[in-house]
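Trainee: Once you've looked at the hints, dock chain B against the given chain A.
One letter stands for each residue in the lines below.
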Amino acid sequence: DGGITQSPKYLFRKEGQNVTLSCEQNLNHDAMYWYRQDPGQGLRLIYYSQIVNDFQKGDIAEGYSVSREKKESFPLTVTSAQKNPTAFYLCASSTSLSSSGNTIYFGEGSWLTVV
Amino acid sequence: AQKVTQAQTEISVVEKEDVTLDCVYETRDTTYYLFWYKQPPSGELVFLIRRNSFDEQNEISGRYSWNFQKSTSSFNFTITASQVVDSAVYFCALSGRGGANNLFFGTGTRLTVIP
Numbered sequence: 001d002g003g004i005t006q007s008p009k010y011l012f013r014k015e016g017q018n019v020t021l022s023c024e025q026n027l028n029h030d031a032m033y034w035y036r037q038d039p040g041q042g043l044r045l046i047y048y049s050q051i052v053n054d055f056q057k058g059d060i061a062e063g064y065s066v067s068r069e070k071k072e073s074f075p076l077t078v079t080s081a082q083k084n085p086t087a088f089y090l091c092a093s094s095t096s097l098s099s100s101g102n103t104i105y106f107g108e109g110s111w112l113t114v115v
Numbered sequence: 116a117q118k119v120t121q122a123q124t125e126i127s128v129v130e131k132e133d134v135t136l137d138c139v140y141e142t143r144d145t146t147y148y149l150f151w152y153k154q155p156p157s158g159e160l161v162f163l164i165r166r167n168s169f170d171e172q173n174e175i176s177g178r179y180s181w182n183f184q185k186s187t188s189s190f191n192f193t194i195t196a197s198q199v200v201d202s203a204v205y206f207c208a209l210s211g212r213g214g215a216n217n218l219f220f221g222t223g224t225r226l227t228v229i230p
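Respectively, the protein sequence lines represent chains A and B. Its first residue numbered 1, the first sequence is counted upward by one per residue in our numbering. Its first residue numbered 116, the second sequence is counted upward by one per residue in our numbering.
Take the hints with a grain of salt, since some may be wrong.
Claimed, not checked - Which residues of chain B face chain A? A partial, calculated answer using Cβ under 10 Å: (1) Val119; (2) Thr124; (3) Ser157; (4) Glu159; (5) Leu160; (6) Val161; (7) Arg178; (8) Tyr179; (9) Phe183; (10) Lys185; (11) Ser202; (12) Ala208; (13) Asn217; (14) Leu218; (15) Gly221; (16) Gly223.
Note that these hints are calculated values from the structure, not bench results. Just so we're clear, the structure is a prediction, and the values are computed from it rather than from any experiment. Ideal Cβ placement from N, Cα and C applies to all residues, glycine included.
So here's chain A without its partners, still in its complex pose:
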């Protein structure tokens, strides 16, 4: 099946630890994104990537890092510098970034809880 796969679905992190969320897509999309969702709020953009080996900060990039070594993969690392990491994280992709109106498709999300 074509789509976006995120793993793990649920993740618990101790304070001070880095964790990496996986995102893989087989839609042959060039652009990929990471969003954060907090209860009762809309989605906020963390990072996005238009092409392999290139990525840009979104609105709330502090405390996060990404890589884009393959077109299909866009992992997100939540570092210990992120002060409030407990949230729902959504990975997404679209055919391209350059033209307005491209529909963004989302994965099933990952719940991260700091314990």
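Mentor: Just chain B now, with coordinates in the frame of chain A:
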């Protein structure tokens, strides 16, 4: 500035009732796109519709319909004969200048359909 407002935080309806979810947007762009997404309890955001700013025709898809009015900057979503499976959080989003990395989400409306 770009902004999407979903004033209805939560709505409850009895099954088979019709319900309208409101979305009001702000943008200075002349070309822009509007979207609706559904987020069921599983967490994944499911794409429902995309509408560009030059097409004000209303759209109907089964029990779903959308009313786009540029004069009032609104893009409302109506579910006819609601069903329990319609229970979810619905997000309206706006994409303007800058491409798909410039996607602004509203805070969502939680719809509960009571059997």
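Trainee: Give a verdict on every hint.
Mentor: So, going through the hints one by one against the coordinates:
no., hint, result
1, Val119, "holds (8 Å)"
2, Thr124, "holds (8 Å)"
3, Ser157, "holds (6 Å)"
4, Glu159, "holds (4 Å)"
5, Leu160, "holds (4 Å)"
6, Val161, "holds (8 Å)"
7, Arg178, "violated (21 Å)"
8, Tyr179, "violated (16 Å)"
9, Phe183, "violated (14 Å)"
10, Lys185, "violated (16 Å)"
11, Ser202, "violated (17 Å)"
12, Ala208, "holds (8 Å)"
13, Asn217, "holds (8 Å)"
14, Leu218, "holds (6 Å)"
15, Gly221, "holds (6 Å)"
16, Gly223, "holds (6 Å)"
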